[in-house]
Amino acid sequence: MRRTLPMIITLVTGLIVIFNDIFISPAFNTLVQTYLIRSQTLSIATAYALGGMSLMRVHGHRIARKRDGWMNSVVLIAGFALLMVLGVTLPGGHNSVTYNWFYQNTAVAGGATVFSLLCFYIGSAAYRAFRARSLEATALLLSACFVMLGGTSIGSAISPALPQIKVWIMSYFNTPVIRAVSLGVSLGAFAQGARNLFGIERGYMAE
Amino acid sequence: MPWYKRLMGIDRRILYIILAIGISFPMFSPMGLPIPADVATQATWDFISNLPAGSNVLYSFDLSASGLTELKPTALVLARRSFELGHNVFIMALWAEGNNLGAIWIDPIAAEYNAVYGVNYIKLGFMVNPQAFLEQSRTDLYGACSGGIDANGDPLSSFPMMKNVTKAKDFDVVMSYNTGDPGPTIWIQQWYATENIPQLSSCTAVSTPTMENYFQAGLLKGNVGGLAGAAYIEKLSGQLGTATGGMDSQSMGHVIIILFLILGNIGYFAARKAGAVK
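Chains A and B, in that order, are what the protein sequence lines are.
In terms of the working numbering, the first sequence is residues 417 to 623.
In terms of the working numbering, the second sequence is residues 678 to 955.
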């Protein structure tokens with residue numbers, strides 16, 4: 417029963433969602449939206465709450481045991497608690513001016529800073545890794561240089577041909593590869609969905 | 678140590694310092710380099726510009742703060758364009774962070790154009806379950822928006838601009854400012870594939886290859902890719918801003934990285950000739 421019941425629930429709900437798009441019936445549509453989609457939303461909201469609690473637990477333990485980097489956990493919990501309290505207590509909640517001020521000067525500034533550091537890491541990694549060791553590596557190196565130059569202002573200033581070369585590389589090499597990868601991923605997702613639906617794949621039951 | 682080995686192993690701190698100086702320099706002394714034209718960005722601008730007054734334009738902020746530099750300029754330009762042309766502007770987010778960023782960016786522009794909340798623009802809020810929202814909103818937008826409330830918790834039915842907007846089909850276009858998934862892919866799967874709602878995108882440079890693919894296939898009507906796209910849309914709008922200024926810095930950054938690549942490869946070939954590497 418522990419195995420059969422989840423499999424039946426998966427099969428039935430999966431088929432209902434599929435049939436919803438095949439047989440357009442207002443009554444059926446209402447059933448899907450009222451029960452299935454709403455319960456899915458509730459599940460995700462619950463997962464958010466669980467995630468928050470788990471985060472507090474892990475970092476609370478780290479602080480209590482003074483493990484390496486425990487000060488970072490203090491900052492995390494303080495930030496988490498501050499924004500949560502502001503969001504819940506202030507008039508206007510997460511849309512209030514005070515909340516947005518804190519948000520913009522902590523989460524937004526921090527996120528943007530960390531992302532901009534990528535420039536340095538990518539620069540360093542590219543310098544160390546991009547060597548013309550083989551024909552393939554040389555092709556990758558040259559195309560990277562053309563795309564980097566063609567996509568920026570200085571490329572246009574050096575030669576109008578550079579942006580055109582970039583477009584050519586993107587259109588004739590990049591796009592077909594992306595499409596092939598997307599197609600492969602889609603077929604894989606379809607197969608995985610079918611395996612879940614028919615109970616062949618039971619990973620979601622922690623088996 | 679032989680010179681070629683030095684070329685191959687320049688200390689990363691030197692690279693970081695040169696990059697930092699190179700990127701910062703144009704911020705104080707702009708170089709005014711030309712902005713490259715981009716077909717997908719032009720298509721985005723044309724699409725929004727050709728929508729008549731009263732069109733329902735949905736701007737979805739499916740992003741995190743990491744995309745601020747590349748996406749904010751486009752968001753400002755297009756919001757101004759929509760208010761200028763008298764579109765009904767709807768703001769929402771499939772990402773929690775995008776909900777606040779969208780409000781922080783768009784509210785001041787709405788005030789610039791004296792747009793009235795609920796009449797000219799509205800914030801639908803953050804959709805905790807993107808797939809469920811996109812599925813349900815195809816036929817029941819109110820129900821999909823947290824049970825019929827806006828971002829402030831007020832009933833959607835109380836706003837004049839919501840009177841004739843009850844389902845996906847009532848929107849004329851969706852613009853997704855995105856830094857990943859959920860983003861244009863699920864918008865295309867749910868709203869374009871089933872309801873034929875035109876889709877636009879503004880993405881970071883790393884997502885541009887994927888979005889270009891959608892654009893070429895006709896699934897997206899336009900795409901503003903990375904800082905280059907944002908700078909070009911600023912140029913098209915005549916409102917030069919942070920993206921245009923940032924292009925000089927980006928150019929310097931790319932040139933420095935390419936110079937270091939050349940140095941590393943000169944060292945590599947010299948080392949190979951000397952038999953120091955295979």
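Because the hints were derived from the structure by calculation, they are not lab data.
The reader is advised that the hints may include incorrect statements.
[To be verified] Computed footprint of chain A on chain B, listed as stretches where at least three residues anywhere in the stretch have a Cβ under 8 Å from a Cβ of chain A:
#1 738 to 749
#2 831 to 841
#3 871 to 877
#4 932 to 938
Computed from a prediction, not measured in an experiment: that's the story for all the values here.
Just so it is clear, CB atoms sit at the ideal spot from N, CA and C, and this is done for glycine as well.
For each hint, the structure was consulted:
no., hint, result
1, 738 to 749, "holds (count 6)"
2, 831 to 841, "violated (count 0)"
3, 871 to 877, "violated (count 1)"
4, 932 to 938, "holds (count 6)"
Hints 2, 3 from the earlier list are contradicted by this structure; the remaining hints agree with it.
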